[in-house]
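Participant: Please model the complete structure; the sequences and the hints are all you need to start from.
First to last, the sequence lines map onto chains A and F.
Letter 149 of the first sequence, counting from 1, is numbered 149 in my numbering, and no numbers are missing.
Letter 68 of the second sequence, counting from 1, is numbered 68 in my numbering, and no numbers are missing.
Among the hints, erroneous ones may be present.
Remember, identical chains collapse to one label, so a pair may be satisfied in a single copy or spanning two.
For lysine-lysine, the following DSS-like pairs were computed, each having C-alpha atoms within a straight-line distance of at most 30 Å [said to hold, decoys possible]:
| # | residue 1 | residue 2 |
| --- | --- | --- |
| 1 | Lys143 | Lys101 |
| 2 | Lys58 | Lys143 |
| 3 | Lys101 | Lys44 |
| 4 | Lys143 | Lys44 |
| 5 | Lys177 | Lys44 |
| 6 | Lys143 | Lys177 |
Treat the hints as calculated values from the structure; they're not laboratory data.
There are 2 protein chains.
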Amino acid sequence: MRDDLKMDQQWLDEQTEELGEALAQQGLSLAVPMLFGQRYDTDKDVPIASMIDHTQLKPDTPAREIDVLCQEALAYQFASVCVNPRYVALAAAKLQGSSVKTCTVIGFPLGASTTLVKVLESRDALANGADELDMVIAVGRLKEGAYADVYRDISNVVEAASGRVVKVILETSLLTKEEIVKGCILAKMAGADFVKTSTGFGGGGAAIDDIRLMRHVVGSDMGVKASGGIRDRATALRMVEAGASRIGASAGVAIVEGAQGKAGY
Amino acid sequence: MRDDLKMDQQWLDEQTEELGEALAQQGLSLAVPMLFGQRYDTDKDVPIASMIDHTQLKPDTPAREIDVLCQEALAYQFASVCVNPRYVALAAAKLQGSSVKTCTVIGFPLGASTTLVKVLESRDALANGADELDMVIAVGRLKEGAYADVYRDISNVVEAASGRVVKVILETSLLTKEEIVKGCILAKMAGADFVKTSTGFGGGGAAIDDIRLMRHVVGSDMGVKASGGIRDRATALRMVEAGASRIGASAGVAIVEGAQGKAGY
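Facilitator: Following this line, the structure appears as structure tokens:
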């Protein structure tokens, strides 16, 4: 893949420089120097359970299913429970005093709300007890090269998050490889903690190739979350081997137990 | 269908009374007496173009496609252009001075954001120039019988809309017939202007039977919007005959010209 697109270090440096200039022209200056493309080694000693965001985002989910989700996350010591904003307060109450985080989604799943509403939604989620925010980028704006708009959208949410973890969902199935690279660079420049592949509602999920590419671009000092269509242990482990440090799935129990999960996010 | 579920006037009255009591127990009193199940006659003289919300909600839509959408809406005199919140200001500017309205979506497409965020998103959309707000209900809460929660969610958006048109998306493909009836009654009680079938992202679109049922419940003094999968003139006309007074479609031009539209919302 890298050969096909000539995605060597020089190309990556050029991409980074080009995006930095595009932002500078809009009066945006980056706070810290960025390193892209550093080597990343998968830590094979980390248990898979501790990488799982145990996820239920379907619109018809009743509150009682959130209870079950939280109980499972506590039993298996998953990284977090990931629920829609309407259920953040409920999940946060159930998880209080544990090490399991409450994760929610912002501008989800289309990414087409205004930056202001993404910011307000982030503040509301934090007030309800969220620890981690998975935001969707302005996909259409990335595709038409409005990089400063995409950058501002992310950096405003990062600021609103007040130090909590922000994951940036690129919706990779709608992007070219080059757009994925640009999305990763912009997310890192904007100070996000993770890049993430998919909403699970966009018609495509995590691809091994995309995880490898995203990890290559962001290097070792940023997280990569694989999500969408990960329903069994073997797939989850392949994602980790390719560079994923977090797995978003509704099949968390099946992944840990080694069974096959049902269809869904 | 009415026979199957015994959805006669008596049943409808009982449903209404039951929901009214559920709301009253939560301290919610209705401002005006409601009439459900009145006769509705389709007005065959109204041109189909004037019923169409010309719609583009795909996440990867670039700004230039919104330009085209607005030009088409002006040329064909559609009811409105329906775009994601991020593009409301752009569409409103293009449509300024015309009779074509700017419509957007709230809590879309999952309906699972908090009521506060739906309210803030509504205010932001109005400030950007929106005339009509298509909000998604809290689907999971309706399904588990949290009627007061669903009612408050809608009535808060209606209040935030300050007299602008509010359409309530039920996402009918996820609901039973009885839940559709309850959703319609709650939307009407909360002061919304329309009930609407589908987001187009929920795996199912408008069904003739559902339109007929929704029209029967809300009567003649409320709008019914059919949306999701309407791609040709014949389907649109069948929806109107069944009781739809608005059609949401990306195939507006094909519907007016009598051609077959492409797949999509």
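Participant: If a hint holds in the structure, say so; if it doesn't, say that too.
Facilitator: Hint-by-hint comparison with the structure:
Within a single copy, lysine 143 and lysine 101 get their C-alpha atoms only as close as 33 Å, which misses the 30 Å cut-off; across copies the closest is 27 Å, which meets it. With identical chains, the CA atoms of lysine 58 and lysine 143 are at most 30 Å apart both within one copy (27 Å) and between copies (13 Å). Taking the closest pair of Cα atoms, lysine 101 and lysine 44 come within 30 Å of each other only inside a single copy of the chain (22 Å); across copies the shortest separation is 57 Å, beyond that limit. Neither within a single protomer nor between protomers do lysine 143 and lysine 44 lie at most 30 Å apart by alpha-carbon distance, with minima of 36 Å and 43 Å respectively.
Taking the closest pair of Cα atoms, lysine 177 and lysine 44 come within 30 Å of each other only inside a single copy of the chain (28 Å); across copies the shortest separation is 51 Å, beyond that limit. Taking identical chains as interchangeable, the C-alpha atoms of lysine 143 and lysine 177 lie at most 30 Å apart only when both belong to the same chain, with a minimum of 11 Å there against 41 Å between chains.
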